[in-house]
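K.L.:
Required output: the full structure, derived from the provided sequences and hints.
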Amino acid sequence: MNAIGLIAGRELRALFLSPLAWVILAVASFLIGWLFLAQLDIYLQLQPRLAGMEGAPGVTDLVVAPAFGAAAVVLLLIAPLVTMRTLSEERRSGTLVLLRSAPISSTQIVLGKYLGLLGFFSVLLALVAMLPLSLLFAGSLDMGKLAAGLMGLWLLSAMFVAAGLFVSSLTEHPGVAAIGGFGLLLLLWVIDLAATKGEGGVLAYLSMLTHVQNFLQGILDSVDLIYFGLGILLFLGLAVHRLEAQRLGPMSWGREDA
Amino acid sequence: MNLSTHRAEPIAKALPLIEVEGLGRYFGALSAVRDVSFTLNRGDILGFLGPNGAGKSTTMQMLTGNLAPSAGRVRVAGIDLRRHPKAAKAHIGYLPEVPPLYRDAGVDEFLRFCAGLHGLRGKAVVSAVDRAKQRCGLEKVGRRLIGNLSKGFQQRVGIAQAIVHEPEVVILDEPTVGLDPIQIIEIRALIAELGRAHGVIVSTHILPEVQALCNRVQIIRRGELVFSAHTDDLVATRESRLRVRFVQPGNGDALAALPGVLDVKAEGDRWVLRIDGNAGEVAEAVAVLAQEGGWGLRELTPEWVTLEQLFVDLTVHEAPPT
Numbered sequence: 001m002n003a004i005g006l007i008a009g010r011e012l013r014a015l016f017l018s019p020l021a022w023v024i025l026a027v028a029s030f031l032i033g034w035l036f037l038a039q040l041d042i043y044l045q046l047q048p049r050l051a052g053m054e055g056a057p058g059v060t061d062l063v064v065a066p067a068f069g070a071a072a073v074v075l076l077l078i079a080p081l082v083t084m085r086t087l088s089e090e091r092r093s094g095t096l097v098l099l100r101s102a103p104i105s106s107t108q109i110v111l112g113k114y115l116g117l118l119g120f121f122s123v124l125l126a127l128v129a130m131l132p133l134s135l136l137f138a139g140s141l142d143m144g145k146l147a148a149g150l151m152g153l154w155l156l157s158a159m160f161v162a163a164g165l166f167v168s169s170l171t172e173h174p175g176v177a178a179i180g181g182f183g184l185l186l187l188l189w190v191i192d193l194a195a196t197k198g199e200g201g202v203l204a205y206l207s208m209l210t211h212v213q214n215f216l217q218g219i220l221d222s223v224d225l226i227y228f229g230l231g232i233l234l235f236l237g238l239a240v241h242r243l244e245a246q247r248l249g250p251m252s253w254g255r256e257d258a
Numbered sequence: 259m260n261l262s263t264h265r266a267e268p269i270a271k272a273l274p275l276i277e278v279e280g281l282g283r284y285f286g287a288l289s290a291v292r293d294v295s296f297t298l299n300r301g302d303i304l305g306f307l308g309p310n311g312a313g314k315s316t317t318m319q320m321l322t323g324n325l326a327p328s329a330g331r332v333r334v335a336g337i338d339l340r341r342h343p344k345a346a347k348a349h350i351g352y353l354p355e356v357p358p359l360y361r362d363a364g365v366d367e368f369l370r371f372c373a374g375l376h377g378l379r380g381k382a383v384v385s386a387v388d389r390a391k392q393r394c395g396l397e398k399v400g401r402r403l404i405g406n407l408s409k410g411f412q413q414r415v416g417i418a419q420a421i422v423h424e425p426e427v428v429i430l431d432e433p434t435v436g437l438d439p440i441q442i443i444e445i446r447a448l449i450a451e452l453g454r455a456h457g458v459i460v461s462t463h464i465l466p467e468v469q470a471l472c473n474r475v476q477i478i479r480r481g482e483l484v485f486s487a488h489t490d491d492l493v494a495t496r497e498s499r500l501r502v503r504f505v506q507p508g509n510g511d512a513l514a515a516l517p518g519v520l521d522v523k524a525e526g527d528r529w530v531l532r533i534d535g536n537a538g539e540v541a542e543a544v545a546v547l548a549q550e551g552g553w554g555l556r557e558l559t560p561e562w563v564t565l566e567q568l569f570v571d572l573t574v575h576e577a578p579p580t
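Going down the list, the sequences are from chains A and B. Here our numbering is used: the first residue of the first sequence is 1, the next is one more, and so on. Here our numbering is used: the first residue of the second sequence is 259, the next is one more, and so on.
Check each hint, because a few of them may be wrong.
[Claimed, not checked] Derived CB-CB ranges, DEER-like:
(1) B/Q392 to A/S29: 44 to 50 Å
(2) A/F16 to B/A470: 43 to 49 Å
(3) A/G175 to B/I464: 36 to 42 Å
(4) B/Q392 to A/V27: 41 to 47 Å
[Stated by the list, open to error] Stretches of chain A that chain B covers, calculated by requiring three or more beta carbons in the stretch to come under 8 Å of a beta carbon on chain B:
(5) 100-108
(6) 223-235
Calculated directly from the structure, the hints in this document are not laboratory data. Glycine is no exception: its CB is placed at the ideal position from the N, C-alpha and C atoms.
P.N.:
What follows is the structure, given as structure tokens:
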């Protein structure tokens, strides 16, 4: 178990040793902060009218939920940039040999890398959580909805990272891993567009958007939890499989391939 | 699924450290290594020779679990590498051709990480790192970033990484490449020291290195082991040369008359003796002769030409198979 922690620590440290991680943190915080303020502005304009309404939606519904929805898109954009180097760079620079020669399994390598990356996103989400919490100075929040929203974002990040890690295991080129990651994440995001409006069916069910929306509205559904859990397991499993397959390499018995 | 980290278990003294049976590897239709078998015992320093692309690195990758063999099996300290990879790998330290270094890490940090990967914890990590640094001459660069070190120092960090957990078997793929002569001497001394208590496999294409270091030599050509011997046997059974120089001119006929000497040539102010078998015994006789004749022995250098000869014969002269 310790080897996983060690690899996770190393991954997190390597991320923060590179300017990339800091730039991503800064840009993402700025963007999400901007979106949050824009949402807050709209709310302040609406507030006089809302004040007279019975059972009007509160600040959590009108500011936090849309801001988190926008944050989800920002996370989607940055996740492949954070995950692209993880395994591809290790392969490229020959340092994966270090991990492979040590008495640890591919599963441990993948889990270590995964937890390290997840640590990075947890830091980012902690920063994001500061935004709505700052509203506590001026009023009150629906803490339950806020927690559900953050949990949704965190699970979404966890899925993004797992998918990004898998794509990173496919190639030696971080650039290719980033583009591939974008492709995969966007596909999972908009896959329900292919379905006819209204009745989504299987494709709507596969879309991450559908599942994260529930969290943002403060709905905790076990189906959504299972969706993210299965997605994460699937991508991590595929990454482990990839690492094992690379060890087996382009090998064939009897089969002729040039 | 076993996620625990594996500490190396102490192993029985008599057990061979590495047993390789019929190891083979295909890359697609290309057969990179075919039917390689050998054993490595404690105290062995095995020189692995071969031209570029002969399969040295591929074999080493298979021994260290970085590449799955297509055929055959590897046992490390009696443990099957395929069935119990963690337990087997715990006994191995490996320096690949390209040292696996995190350029953004400090030397100490990196070595602590490597020690941790091999299951060392707490104080054991600190003492293991200190010892590895001291053995590889890295005491003064502990806090420096690996990326800023010279090639020679990076190579040393690579070796330190391979020995930090005190493995039974150390596998070094061209460890002296890119080092200056002083560093090469230091690394050779280190390998010789490792060879006393552990088993070492060194791949190289520097023949004198094998001569200076190894007690066993194996030559691989196009993926097949074509030669395997103890270097002592090699010296004993093959021809060698002795280069001598005296203050006085000396007597070529007297040298030629010594037992075991095939012929004697004058080369400038030196005599070169071609010897059938081990140069060591003849060297003794030459010394006695020089002392009796009052020639003033200045130089007495045995030369082991046979390995080079053998290497060329085995790897170059044969026509490629059709």
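K.L.:
Give a verdict on every hint.
P.N.:
Results of checking the hints against the structure:
1. B/Q392 to A/S29: 44 to 50 Å: About 45 Å separates the Cβ atoms of B/Q392 and A/S29, which means 44 to 50 Å holds.
2. A/F16 to B/A470: 43 to 49 Å: holds (45 Å)
3. A/G175 to B/I464: 36 to 42 Å: The hint (36 to 42 Å, Cβ to Cβ) holds, given that A/G175 and B/I464 are roughly 38 Å apart.
4. B/Q392 to A/V27: 41 to 47 Å: holds (45 Å)
5. 100-108: n = 8 at 8 Å, threshold three: holds.
6. 223-235: violated (count 0)
The structure is inconsistent with hint 6 alone, although it conforms to all the rest.
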